[in-house]
Amino acid sequence: MRKYGRILLMAVLVAGLATSALAHEMVLKPGAEKDGKLAVELHSGHKFIVPEEVESVERIKAGLFKDGALQEAELKGNDAELRIDFSVPVQGTSIIIANKDGGVWSRTNEGGKSGTRKELEAQGLKVLSAVKYDKFVKLIHNPSKDDTSFATVTGQALELIPETNPADLKVGDFLKVKIMVNGNQPYSGPVWATWDGFAPEVEETYAYYTVAAQGEALIKITAPGLWGIRAMKSDLPGKEGEYDALSLRSFLMFEVK
72 MRKYGRILLM AVLVAGLATS ALAHEMVLKP GAEKDGKLAV ELHSGHKFIV
122 PEEVESVERI KAGLFKDGAL QEAELKGNDA ELRIDFSVPV QGTSIIIANK
172 DGGVWSRTNE GGKSGTRKEL EAQGLKVLSA VKYDKFVKLI HNPSKDDTSF
222 ATVTGQALEL IPETNPADLK VGDFLKVKIM VNGNQPYSGP VWATWDGFAP
272 EVEETYAYYT VAAQGEALIK ITAPGLWGIR AMKSDLPGKE GEYDALSLRS
322 FLMFEVK
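Under the working numbering, the first residue of the sequence shown is numbered 72, with each subsequent residue one higher.
What the hints contain is simulated information worked out from the structure, not anything from laboratory work. No false leads were mixed into what you were given.
Simulated restraints on C-beta separations:
1. Gly107 <-> Asn180: 48 to 58 Å
2. Lys247 <-> Ala140: 21 to 31 Å
3. Gly195 <-> Ala284: 40 to 50 Å
4. Glu311 <-> Lys216: 42 to 52 Å
5. Val242 <-> Val121: 15 to 25 Å
6. Ala103 <-> Gly195: 43 to 53 Å
7. Glu234 <-> Glu143: 21 to 31 Å
8. Asn255 <-> Asp218: 25 to 35 Å
9. Lys137 <-> Gly195: 47 to 57 Å
10. Lys189 <-> Asp244: 47 to 57 Å
11. Gly195 <-> Gly243: 58 to 68 Å
12. Ser220 <-> Lys328: 12 to 22 Å
13. Gln162 <-> Asp239: 14 to 24 Å
Note that the Cβ used here is the ideal one computed from N, Cα and C, for glycine as well.
I would like the entire structure built from these sequences, with the hints used as guidance.
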């Protein structure tokens with residue numbers, strides 16, 4: 072197997088992966104820019120990019136990442152459009168992120184329940200498994216050829232960091248991405264990528280698939296548009312009495328012109 076794993080130059084249907092189908096994916100979609108502010112939509116769903124539910128606003132922190140810190144934006148749930156809306160000030164290359172503390176979801180003798188192992192056992196339930204699901208997304212907006220801030224590290228627990236400037240990409244090029252767990256552990260595992268409009272009718276379908284090795288992956292750009300690259304880590308240790316395992320899901324978003 073080559074360094075960057077086996078590359079499948081076809082749509083990859085991953086609905087058969089049980090761990091992939093458990094939760095909606097969280098993505099950011101840029102809207103209109105007016106008076107120095109960019110409207111941003113946070114979507115959650117199994118189809119890229121088709122919103123299916125409004126995420127819990129109280130569990131999400133989102134906004135512009137600048138000068139080493141997140142400038143939290145005011146988030147507004149939009150039930151009519153099944154999304155969360157917010158806006159950020161933009162000038163030049165902008166890094167916009169959203170981080171979700173997803174809480175703990177447990178399988179019990181009475182079915183799926185929200186709550187830690189300790190909380191549910193105190194209610195008399197038998198907890199079969201308890202997993203904490205955290206989600207992350209990073210949007211690189213308006214990158215320029217003379218600016219290296221596209222590679223900004225934001226400190227997300229599972230973070231995708233482009234090593235190729237999205238401003239330089241054209242159809243047929245490869246984007247090199249570094250993927251890190253907790254900032255210091257190189258990620259090895261599956262990586263999915265797709266673009267807005269590729270297959271919005273079908274769940275869990277991506278335009279490209281590869282395998283990251285030693286924290287690096289190559290993604291071939293096959294169309295212009297808003298791209299998303301996705302990775303997930305499902306085998307991290309849990310916290311005694313609360314959850315058995317930690318699952319991390321992360322998206323990197325950028326536009327190819």
